[in-house]
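One letter stands for each residue in the lines below.
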Amino acid sequence: NAGVTQTPKFRILKIGQSMTLQCTQDMNHNYMYWYRQDPGMGLKLIYYSVGAGITDKGEVPNGYNVSRSTTEDFPLRLELAAPSQTSVYFCASTGSSGPQHFGDGTRLSIL
Amino acid sequence: QKEVEQDPGPLSVPEGAIVSLNCTYSNSAFQYFMWYRQYSRKGPELLMYTYSSGNKEDGRFTAQVDKSSKYISLFIRDSQPSDSATYLCAMSKRGGANNLFFGTGTRLTVIP
Chain A
1 NAGVTQTPKF RILKIGQSMT LQCTQDMNHN YMYWYRQDPG MGLKLIYYSV GAGITDKGEV
61 PNGYNVSRST TEDFPLRLEL AAPSQTSVYF CASTGSSGPQ HFGDGTRLSI L
Chain B
1 QKEVEQDPGP LSVPEGAIVS LNCTYSNSAF QYFMWYRQYS RKGPELLMYT YSSGNKEDGR
61 FTAQVDKSSK YISLFIRDSQ PSDSATYLCA MSKRGGANNL FFGTGTRLTV IP
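Each protein sequence line maps, in turn, to chains A and B.
Heads up, the first sequence is in the working numbering, so the first residue is 1 and it goes up one at a time.
Heads up, the second sequence is in the working numbering, so the first residue is 1 and it goes up one at a time.
Over 10 Å on every C-beta distance to chain A, these chain B residues come out as not near it, computed from the model:
#1 P14
#2 A17
#3 I18
#4 S26
#5 S52
#6 Q64
#7 S68
#8 K70
#9 R77
#10 D78
#11 Q80
#12 S82
#13 V110
With beta-carbon atoms standing in for the labels, derived distance ranges:
#14 R94/B - T5/A: 26 to 36 Å
#15 R94/B - P39/A: 28 to 38 Å
#16 S52/B - G40/A: 23 to 33 Å
#17 L80/A - S52/B: 39 to 49 Å
In short, the hints are calculated from the structure, not lab data.
Even for Gly, the Cβ is constructed at its ideal location relative to N, Cα and C.
Assemble the whole structure, with the sequences as input and the hints as a guide.
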């Protein structure tokens with residue numbers, strides 16, 4: 001089973017560029033999440049979605065946007081990349097009960 | 001004050017030792033408690049998932065929750081080099097699709 005798949009695994013951006021981090025899950029989970037993980041800071045919730053067409057802000061949403069057009073996909077977009085967005089980004093999903101399952105992350109550097 | 005506090009370590013133990021990892025929290029509304037293991041350059045992998053106070057055992061791993069003290073623990077018996085990873089505690093107010101609050105993680109190294 002693929003579970004939660006994130007692409008790309010690594011990316012380097014220049015300041016001001018934009019990009020989309022992809023996340024897809026094959027478990028038919030309604031709930032999906034985006035986190036960022038910075039050294040010594042733990043995981044912080046950026047955005048989450050409770051189903052197709054429904055998204056909401058987490059703890060650190062500024063500088064990011066999301067969409068949820070299908071159950072399977074939950075892309076995260078950076079419109080104007082800034083050095084403060086250098087981080088490791090994780091996508092997760094869960095059903096109506098049970099814990100969250102994570103992808104292997106996207107390492108993003110902004111120079 | 002952070003909602004979840006976790007000693008970042010690092011923690012180094014010899015192979016075969018018993019490892020104790022701990023987290024404290026401040027919000028008494030937390031009901032569901034998790035431990036994730038994260039290998040280098042990988043995503044968090046669920047190890048233990050418990051509800052309310054008490055113990056849960058799974059193989060070499062035991063999770064303990066003491067809600068009266070707002071304290072959770074993960075014990076690893078007969079530790080192996082393959083246990084070397086970062087361990088994250090997480091908790092939520094409700095089960096299932098609910099926002100998680102994470103500790104910062106404890107980095108563990110088991111020395112052969």
